[in-house]
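Using UniProt numbering, the letters of the sequence shown map in sequence onto residues 1 to 598.
Any given hint might turn out to be false.
[To be verified] Pairs of lysine to aspartate or glutamate residues, derived as EDC-like cross-links and limited to a Cα-Cα distance of at most 20 Å, are as follows: (1) Lys331 with Glu348; (2) Lys381 with Asp371; (3) Lys486 with Glu237; (4) Lys381 with Glu455; (5) Lys368 with Glu237; (6) Lys381 with Asp474; (7) Lys400 with Asp474; (8) Lys540 with Asp564; (9) Lys129 with Asp69; (10) Lys118 with Glu138; (11) Lys400 with Glu462; (12) Lys78 with Glu113.
[What the hints assert, rightly or not] Quick list of simulated restraints, FRET-style, between CB atoms: (13) Lys118 with Ser144: 18 to 26 Å; (14) Asp554 with Arg392: 48 to 56 Å; (15) Gln302 with Glu535: 41 to 49 Å; (16) Ser539 with Arg379: 43 to 51 Å; (17) Glu376 with Ile210: 27 to 35 Å; (18) Thr458 with Ser496: 40 to 48 Å; (19) Leu206 with Asn140: 49 to 57 Å; (20) Asp554 with Arg297: 44 to 52 Å; (21) Ser465 with Val213: 50 to 58 Å; (22) Glu376 with Ile517: 23 to 31 Å; (23) Asn529 with Glu316: 31 to 39 Å; (24) Arg379 with Ser496: 17 to 25 Å; (25) Leu206 with Arg299: 56 to 64 Å; (26) Thr458 with Arg282: 53 to 61 Å.
These are calculated hints, taken from the structure and not from any lab test. We put the CB at the ideal spot given by N, CA and C, even for glycine.
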Amino acid sequence: MDPSLATGPSSDGTETRSSATPSESVVGAGEAGKKRPPATESQARVPLALGWRRQTCIRSIAASGVRGDVVYYAPCGKKLSTYAEVLRYLMKRPCGSITRDNFSFSSKLIVGEFLMPKEKEDGEKTVVKVSEEMIAEEVNRLVSLKPQPRNGERKHREKLPPPVEPRAVTPEEVVENHIEVEESPLEVYDDEDKIKWSREPIDDLLLTEIRPVPDLPRVENLRLNGAGFADALMVHEFVNNFSRVLEIDPSSLPSIGAFCAGLVGDVAHFEKVLQLTRSLFRLALEYPGLPNGKRGRTRLGQTVSELGVTEQNYSELMRIFLSTRDSHGKKLSCLLAERSFAELSGEEKASILAFLCNELLCCPNVVKEIDRNLEEVGRLKGDRWMRDGKARALRVVQRKKQKAERGVHCSDTDGQAHDDRPSSRNSEASDASRPATPIPTTRDRRLTPGLGQCEILTVEEENMSPEQLEVLIDSLNSEAEHLKEKINELSTKVRSFPLGCDRYHRQYWQLPGVPSILVESVESSGLCNPACNTEETCSKDPPDLTAPSFLHPDVLACVEDLVDDVVTGRPHTERRKRKRFRRMDNAYKRGWWSVDTR
Numbered sequence: 001m002d003p004s005l006a007t008g009p010s011s012d013g014t015e016t017r018s019s020a021t022p023s024e025s026v027v028g029a030g031e032a033g034k035k036r037p038p039a040t041e042s043q044a045r046v047p048l049a050l051g052w053r054r055q056t057c058i059r060s061i062a063a064s065g066v067r068g069d070v071v072y073y074a075p076c077g078k079k080l081s082t083y084a085e086v087l088r089y090l091m092k093r094p095c096g097s098i099t100r101d102n103f104s105f106s107s108k109l110i111v112g113e114f115l116m117p118k119e120k121e122d123g124e125k126t127v128v129k130v131s132e133e134m135i136a137e138e139v140n141r142l143v144s145l146k147p148q149p150r151n152g153e154r155k156h157r158e159k160l161p162p163p164v165e166p167r168a169v170t171p172e173e174v175v176e177n178h179i180e181v182e183e184s185p186l187e188v189y190d191d192e193d194k195i196k197w198s199r200e201p202i203d204d205l206l207l208t209e210i211r212p213v214p215d216l217p218r219v220e221n222l223r224l225n226g227a228g229f230a231d232a233l234m235v236h237e238f239v240n241n242f243s244r245v246l247e248i249d250p251s252s253l254p255s256i257g258a259f260c261a262g263l264v265g266d267v268a269h270f271e272k273v274l275q276l277t278r279s280l281f282r283l284a285l286e287y288p289g290l291p292n293g294k295r296g297r298t299r300l301g302q303t304v305s306e307l308g309v310t311e312q313n314y315s316e317l318m319r320i321f322l323s324t325r326d327s328h329g330k331k332l333s334c335l336l337a338e339r340s341f342a343e344l345s346g347e348e349k350a351s352i353l354a355f356l357c358n359e360l361l362c363c364p365n366v367v368k369e370i371d372r373n374l375e376e377v378g379r380l381k382g383d384r385w386m387r388d389g390k391a392r393a394l395r396v397v398q399r400k401k402q403k404a405e406r407g408v409h410c411s412d413t414d415g416q417a418h419d420d421r422p423s424s425r426n427s428e429a430s431d432a433s434r435p436a437t438p439i440p441t442t443r444d445r446r447l448t449p450g451l452g453q454c455e456i457l458t459v460e461e462e463n464m465s466p467e468q469l470e471v472l473i474d475s476l477n478s479e480a481e482h483l484k485e486k487i488n489e490l491s492t493k494v495r496s497f498p499l500g501c502d503r504y505h506r507q508y509w510q511l512p513g514v515p516s517i518l519v520e521s522v523e524s525s526g527l528c529n530p531a532c533n534t535e536e537t538c539s540k541d542p543p544d545l546t547a548p549s550f551l552h553p554d555v556l557a558c559v560e561d562l563v564d565d566v567v568t569g570r571p572h573t574e575r576r577k578r579k580r581f582r583r584m585d586n587a588y589k590r591g592w593w594s595v596d597t598r
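Using the sequences and the hints given, assemble the complete structure.
Here you go:
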């Protein structure tokens, strides 16, 4: 939709039209294309009678009128130089029957005070206050000096209809205009404000003219909400990265699709999920384990070592373990008070498994594995740096040798071409005065500052031909690329690689256990981040709809769109003229998407 039109003063005192505002809900479609009539002299004198001051700083006076800058001074002394400042002042301090139509920043309107710069006899510049009568007389004098129009132009002006005198404003219209100023944003801005707003950073959700984001496919067959799938992803990545130190058979681990299906109760994959749950729980009982005393015993006073973890009692033992942890663990233990683990919903199962994985992060074997990966990554980075530095040093030597060979070849061809010509006395003198400086091929790099040990070349490497150096450089580059792949493989075990976010605050993730790039919505990524939390980012939006059980995000977004269409179609919303009911579209707030990288 085209931006709303607004009027503002130009540099020459005439009223111009601008086409940009910082808000997208400026005026209605019916009023956007209408130009306000300029304020008449009688309308402009209404604020002056109530204590306002209108001051014009004159730059020049011509037959067309005064050219200069117009400012208003409120009764409190505040200086207002634009329509936007006037409207903001009227919104904060309503002044009875004064509206925007009583103000004009056109310098051609002879109303108020006039200031004219003048130079004294001694060369000092001063400002002289001029009355309205003197300005009017000067304009009339300049108009009389203009050449008279021709007969055709005079007849054309005589045929023009007389200007329509604006009608008086009724009290009802004054109240209506006051309400409109309060409820709708400012609709008039000048060039200075537009330049200021264009330089300020703005959230992409507030932009009006932006290119649409391409539609991404949803994760197929996903029956978990955003937070549940995030917990399932974390458990899946944790188990795959540390299965060796946790002594879990990698062949028994389900894929991410089978794992999510088993969490929601799929019979074909539910047994693998229960087997993984019992394995993680046994490891959590070893470390950090249960505390001593009554908190680590059953109601009959038995310890876990006396009972053992079986298919029948693992839910009760898990409840005891969770109740001895922090507040989040106690909250999860309440879920197992009346139901077994198999009877919980998929999101609740994923939350409990994620809590067990967080507890296992303090396991000595996991900590040693993380430290070993970090040390290995540091060592591999050093090896790669050494090979890159050696390749750079060899490349420099290769270029020097190639340049030297090209120079020798050119000198030989030039000498053969000039052998038949007689040598002049000047050329002999110049050759004699030019010193013979051989090209340095070797030097002691150990004494050269700024070079690392990797850039020190051996005698054999410096004596190689350019072709042999090219082969050696290619082998070093291939080894560096192989080391880079190892570094990336080890780095994924200790940290994730976020690829960034889009205007809807959706996070893009690249995980080693998932073949495609996953896109996470604010439903799960903004729980603890106020920068992308819908309660903070979209605090002025209407409340979202919730479902008692899992509902596809696209279906829920479609229902919200229908509700928003019904709400925005009510009569009481027409006065506010809001073009966008929600800051963030409903289709981008929930769920997960996938981007195929194949």
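Do the hints match the structure? See the list:
1. Restraint check for Lys331 and Glu348: the C-alpha separation of about 11 Å stays at or below 20 Å, so the hint holds.
2. A threshold of 20 Å between alpha carbons decides the hint, and for Lys381 with Asp371 the separation of about 15 Å falls inside it, so the pair holds.
3. For the hint linking Lys486 to Glu237, the alpha-carbon distance of about 18 Å falls within 20 Å, and the restraint holds.
4. The suggested pairing of Lys381 with Glu455 holds, with an alpha-carbon distance near 17 Å, which does not exceed 20 Å.
5. In summary, the hint linking Lys368 to Glu237 is supported, as the alpha carbons are separated by about 18 Å, within the 20 Å threshold.
6. For the hint pairing Lys381 with Asp474, the CA-to-CA distance comes to about 19 Å; that is within 20 Å, so the pair holds.
7. For the suggested pair Lys400 and Asp474, the alpha carbons sit about 18 Å apart, so the restraint of at most 20 Å is met.
8. In summary, the hint linking Lys540 to Asp564 is supported, as the alpha carbons are separated by about 14 Å, within the 20 Å threshold.
9. As the CA atoms of Lys129 and Asp69 are separated by approximately 15 Å, the hinted pair is consistent with the 20 Å bound.
10. As the CA atoms of Lys118 and Glu138 are separated by approximately 16 Å, the hinted pair is consistent with the 20 Å bound.
11. Only pairs whose Cα atoms come within 20 Å are accepted, and Lys400 paired with Glu462 is accepted, the gap being roughly 11 Å.
12. Straight-line distance between C-alpha atoms of Lys78 and Glu113 comes to about 16 Å, which keeps the hinted pair within the 20 Å bound.
13. Checked against the hint of 18 to 26 Å, the pair Lys118 and Ser144 passes, with Cβ atoms roughly 24 Å apart.
14. Checking the proposed 48 to 56 Å range against Asp554 and Arg392 shows it holds: the Cβ atoms sit about 53 Å from each other.
15. Distance hint check for Gln302 and Glu535: the Cβ-Cβ separation is about 46 Å, which falls inside the suggested range of 41 to 49 Å.
16. For the hinted restraint 43 to 51 Å between Ser539 and Arg379, the CB-CB distance of approximately 49 Å keeps it satisfied.
17. For Glu376 paired with Ile210, a C-beta distance near 44 Å fails the hint of 27 to 35 Å.
18. At roughly 42 Å, the beta carbons of Thr458 and Ser496 sit within the given window of 40 to 48 Å.
19. Remark: the range hint 49 to 57 Å for Leu206 to Asn140 is upheld by a beta-carbon distance near 51 Å.
20. At about 49 Å, the beta-carbon gap between Asp554 and Arg297 stays in the expected band of 44 to 52 Å.
21. Checked against the hint of 50 to 58 Å, the pair Ser465 and Val213 passes, with Cβ atoms roughly 55 Å apart.
22. Checked against the given bound of 23 to 31 Å, the beta carbons of Glu376 and Ile517, roughly 26 Å apart, stay inside it.
23. A hinted range of 31 to 39 Å for the beta carbons of Asn529 and Glu316 is consistent with their spacing of about 36 Å.
24. Checked against the hint of 17 to 25 Å, the pair Arg379 and Ser496 passes, with Cβ atoms roughly 22 Å apart.
25. The beta-carbon spacing between Leu206 and Arg299, approximately 58 Å, falls within the hinted interval of 56 to 64 Å.
26. A beta carbon spacing of about 57 Å between Thr458 and Arg282 agrees with the range 53 to 61 Å that was offered as a hint.
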